[in-house]
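Q: The residues making up each chain are set out below.
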Amino acid sequence: MSYEDKIDIRQLNIWFGEKHVIRGVDLKIKANAVTAIMGPSGCGKSTLLRAFNRMNDVIKTSKTTGDVFIGEKNVYENGTNVYDLRRQVGMVFQKPNPLPKSIYENVAFGPKIHKMAKGKALDKVVEKSLRSAALWDEVKDRLNDSAFDLSGGQQQRLCIARALAVDPEVILMDEPCSALDPAATAKIEQLIRILSSDYTVVIVTHNMQQASRVSDYTVFLYLGKIIEQGKTKGIFENPQHELTEQYITGEFG
Amino acid sequence: MVICLLAFFWIVATLFTGFGTLNVDLLTTSALKGGYFEMIVGTVYLFLGAAAIAGPIGVFAAIYLVEYAPGGKLTRIIDQAINNLAGVPSIIIGLFGYTLFSRQLGFGISLLSGWLTLALMILPIVIRGSEEAIRIVPTSFKQAALGLGATKWKAISLTTLIAAMPGIVTSVILGIARVAGETAAILFTSSVIITRGLPTSPFEPVMALSFNIYVKIVARGESPENVFGIALILFFIVVAFSLVAIILRIYYRRKQPWLS
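Heads up: the protein sequence lines correspond to chains A and B, in order. Our numbering numbers the first residue of the first sequence as 3 and each following residue consecutively. Our numbering numbers the first residue of the second sequence as 676 and each following residue consecutively.
The following block holds chain A by itself, in its conformation from the complex:
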């Protein structure tokens, strides 16, 4: 099967103050597939991920050079509308972070701030998003309950539904299962597989089993540099680089 490239990163460098976190990364990410970025803690995985929707901009000391093309558009070009970019490139965070609102209002939040829908149309968007996140059946009778009444796994699926509600093309997931139990993790992983037929999914993980289970492509990042990238199967069965092999066999991490 051949995929088109959705994200094209060229010579990306990111600093936080004096610290050079991402060092000259070149990377292409395929559309409608799951790409896992794995590597030991502190290697810059999350920072790389946050470059795709310019969430690093929020940190005052950050500095980015290089290009990130999403589709045809360079998101680091002057005049990029970051708010629209973040609508297009949704994000799911490490710890489920529902807003202090009802289940319905959590999902409706994005469409509301972007004035995408209201009234009946908004109800439909909420239902569709919750269905896509495999949460609808569990919450359809209590949409007005607080999002905090949900279990951790449900909260994370709610956050996925919330990201889907603004009609994104790319979904970034930053260790989305690290705060969840194995059963909830399995559900999210299953969901990620399903989502990849409609969306380009990039997932950061330091869990190698997870990378091998959910992803089509794997990128191994170490100290801000890409050591190896390719089809997940290839990377895990036949790593080309010594560091990758050491990481996969658990010699460090």
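No wet-lab data here; the hints were simulated from the structure. This structure is a prediction, so every number in the text was calculated from the model and none was measured. Please note that the accuracy of each hint is not assured.
Derived pair list, reagent style DSS-like, types lysine-lysine, alpha-carbon separation capped at 30 Å [stated by the list, open to error]:
1) B:K827 to A:K117
2) A:K142 to B:K829
3) B:K748 to A:K21
4) A:K233 to A:K189
5) A:K65 to B:K827
6) B:K748 to A:K122
7) A:K122 to A:K142
8) A:K62 to B:K891
9) A:K126 to B:K930
10) A:K75 to A:K103
11) A:K62 to B:K708
12) A:K126 to B:K829
13) B:K891 to A:K103
14) A:K189 to B:K748
Chain A is already provided as a structure; the job is to place chain B on it using the hints.
A: Just chain B, lined up with the frame of chain A:
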């Protein structure tokens, strides 16, 4: 602790000797006929107006300081100025209010001058309280909103601020409790001994419980027992506001699972 408790109960016990001089009729009778009506309502007018002015300004100041201020030298100076403002003796605030609002700006001895002067006293309490309330809101809310493409202001106003609202409301109420019994600040700016009925515009002077106690004791040389009734009413108003603040805080703490 023990001394505080003893002092508190002694005050309450003393004031309650004034309970005998009170009756419901007095509360609703005009001051022109020896009642307390205008001073009770006047006191409420004063602190509600002051809170209405200081509340929004204080909240915006707190948002600025927590979320937007660059954090340099200027921010530190502003920060220190807020602390200092909280520590300025009320008689000096009153004097300042009289000079600026009553005379320079020509508002005279009026409700408006009183509001502005009292607002200066509430402001640091609201700013500090709101800052605290905003700081304890998890940044994950703001992050979630930013991640969905919200602007910084939308992320703050639609998530952080809403989550911080209970703490903000509490801080405003504490501010009210602070100034409800204030005397010095309204001494020159807004209060008079007697008015014909309630003020009909912000530019008219107003009666107040605290001011009335002061005048009766100092200017008229009445014996303290005569004003214990008025003092008791004032005491109840202030304590009631503090209690409401405490109850609200407990109530909302239960409704904010992210705080635990």
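Q: State for each hint whether it applies.
A: Results of checking the hints against the structure:
1. B:K827 to A:K117: holds, 17 Å
2. A:K142 to B:K829: holds, 28 Å
3. B:K748 to A:K21: holds, 25 Å
4. A:K233 to A:K189: Answer holds: A:K233 to A:K189 is near 23 Å, not above 30 Å.
5. A:K65 to B:K827: Within the cut-off at roughly 19 Å; holds.
6. B:K748 to A:K122: violated, 51 Å
7. A:K122 to A:K142: holds, 15 Å
8. A:K62 to B:K891: violated, 59 Å
9. A:K126 to B:K930: holds, 29 Å
10. A:K75 to A:K103: violated, 34 Å
11. A:K62 to B:K708: Cα-Cα ~65 Å, so violated.
12. A:K126 to B:K829: holds, 24 Å
13. B:K891 to A:K103: violated, 53 Å
14. A:K189 to B:K748: Violated. A:K189 to B:K748 sits at ~51 Å, over the 30 Å cutoff.
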